[in-house]
Amino acid sequence: MGRYYWIEEQEDNSRDRFLKPRDGRLALLKVQTWGGDKFPNQRTSWDRIGFQDTTPLMIKWVYWIMESVPRLHKASNTESWLTVYARWIPGCLVLLFLLAVPATLDGEIRNNGFYDPVRYRDWRYPETARNHREDRPPEKGRTDHTDFDGSPARHLRPRFLCVLKDHISNAGFEIVSVEDWVNAHDGHAHLDYVFVSYTRRHNLYTEDLLHLCQQGIRAAQEAEVPAFWIDVLCVDPTTFAQDIYRICDVVRGAHSMIIALKNSVDNRVMLQGPSSNRDKLLKEWGGRLWTLPEILLCPNTHGIAIHIHGSVAAPECFTKRSLASLAYYPRDAKTVRQLIDHYEGTLILTSLELVTIGLECLQSRMGNTKHFADGDLAYALMGLLCRRPAVVKGESAFEAFAKLSLANDSNMLLERLICVLPSVKGRPWYKIKDAWKVKLWDIYPTCQIAGIGAGQTVILDGAYGASIRWKSLKPVAFIRRKTGFRFAIKLLLRGAPLYFITGVAMLASSTRARVPSHAQPTNPVEVIGILFFVFATIIILLSPYLLLATYRGKFWSTQGWFFGIEGEPDLATIEKSLFGVDLGRLSWSINSSMLSRHQNEEHEQPVKAPQDPDQQQPAVQEQERVFTLVDTYTMTVTRFRAVRPPVAVLICGREGGMQRAVLCSYNWRTQTFHRETVLRMKTMVLERMFRVDKFRFSMNGINTAKAD
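Number 3 in the UniProt record's numbering belongs to position 3 of the sequence shown; there are no gaps in the numbering.
Treat the hints loosely; a few may be bogus.
Said to hold, decoys possible - Simulated restraints on C-beta separations:
no.	residue 1	residue 2	range
1	390	598	48 to 58 Å
2	394	321	31 to 41 Å
3	34	587	13 to 23 Å
4	472	570	12 to 22 Å
The set of hints was computed from the structure by calculation and includes no laboratory data.
Glycine included, C-beta positions come from ideal geometry on N, C-alpha and C.
Start from the sequences and build out the full structure, keeping to the hints where you can.
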């Protein structure tokens, strides 16, 4: 909001705060709780207060009088009517005094009926902005990165090659600089080479390198090319940090590729003979992270030869598509085959499908591969895409992936990823599996990522948002059809105390003598007083029914509120607390939460009460609590699970005819919204929401914000 707010070191600094929707100031988070605490030994970072009924006193009193009316409770018995008769006269007398006090029963209309806004704006520099004009000034450290060819992040040819001394005889090879070789031949030299693919699990020692070189020489001779390439020999140690992630360019430029297989070090102790189990060795090779981009990007013009150490048979040649069933079955052969078909040009994937499927295949291999950096997952994926940001030392996997996604046409992948509800709480961001079982391309973002922030955050802009009120419920303003009957009743009810007082005053001021009525003319003041008194008495005796008739009826529109409650109150309790009586105005939301349920009855979707979460949720999520969200505009109630009470609803996308609502808690120490859960809401909620200015967002919860 453009203001500075200094918070001193205090004992309550560990407690949660939220942004007040009226002025954007920080306030301690107080949460109304219904029922007992299911986690009495677990300390909360928010204040817990009791559940309160906020219905106007007059409405409460009316429903106290008439709560036993059989028509309201679908029951008919004598005891119910006797209760009503016993309460009627005392209740009417109390209503007489309540009607004399000026008060509104319709609630407060706020923000022209809109939900409470989210008063927030991020003022800090992003680590990487989508528009570079918003980056930090150049003198503070932003520079453009180019490679040795002068082209942004791309190698046109290898830096070094292993060139054979004699193409016919096995006279060895020498490592030459490709740039020096080209200059020596006036730029007309053409060096075809064979790419040697292997895994360090099979080749660890010096003798293994000698075997690789022998296989490289043999492959170059059989392919009738003058050179071969092996990363351990052809990557310059001085530029290793950048070149190791650009091997994809070397694969693309190769004449052909071979796969060098050998028993792993552990198996060599048990197996003294040559490596013979081809399928097992291929599966070990295919389970490594860096070998997948190699088979995807190698040329299609020649087969891939399998060189097995110690085998006297000639190397077998396979096509890419045939290797999918050999090297990747049953791991993820079908998924890898989609990528192979894409790079062979037989089945073209969209940019979003390519990144999503590629990320799925690569992340499953992270546990089997030695890491060079935290961002290796993104760097391996980088080889499959056109534009590649510079590798930055120390950046996390998410930061590297976010930069890669922004640099390429990934069809708003990150924006879609924000709207995903993880199937397991705390699952890493790169395990793209939606709890709703929806594919990323079925989610259409309605906001944009403007930049990448520090600490695995992104800067979002253009999202619709609303604040959630946790402290208490409030009287809800509503609009009903204006009729002459309701208008007349309001005038009569509000005027009843005046009519009653006027009648009593006139009767008291009458000084008529106590003689027979035929002996003295009638006093007009007394007659008028009697009329006022009788008229007021009739209205007062009918006031419970008249108030109920005025207050009941269909709501044509209501004030937009999001009320949050910790616990599992039923619909009747919530509606009585909001409107004084349960008339069935509120209903459970359909397909909005993972706890929502419905059943098929005559091809319709009648809503059922949410399933008991204790029976549905796995034991690993015991730290999650059950919360209830009341939406007074759509008149629906949703029950969900989260670690912390979310303070904001942010609409970031749409899917399946509903909006993806990201419910976020707020970390006031870092000014960041953290995703707690994702609900599906009706599209009509957008009619009552304001857009939120640029805000800092994290897909991790506050407790796991530092985890990648």
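Right, here's what the structure says about each hint:
1. Range check, residue 390 to residue 598: Cβ separation about 51 Å, and the 48 to 58 Å hint holds.
2. In this structure the supplied range 31 to 41 Å holds for residue 394 paired with residue 321, their Cβ-Cβ distance being about 39 Å.
3. Checked against the hint of 13 to 23 Å, the pair residue 34 and residue 587 passes, with Cβ atoms roughly 18 Å apart.
4. At roughly 18 Å, the beta carbons of residue 472 and residue 570 sit within the given window of 12 to 22 Å.
Consistency note: the structure conflicts with none of the earlier hints.
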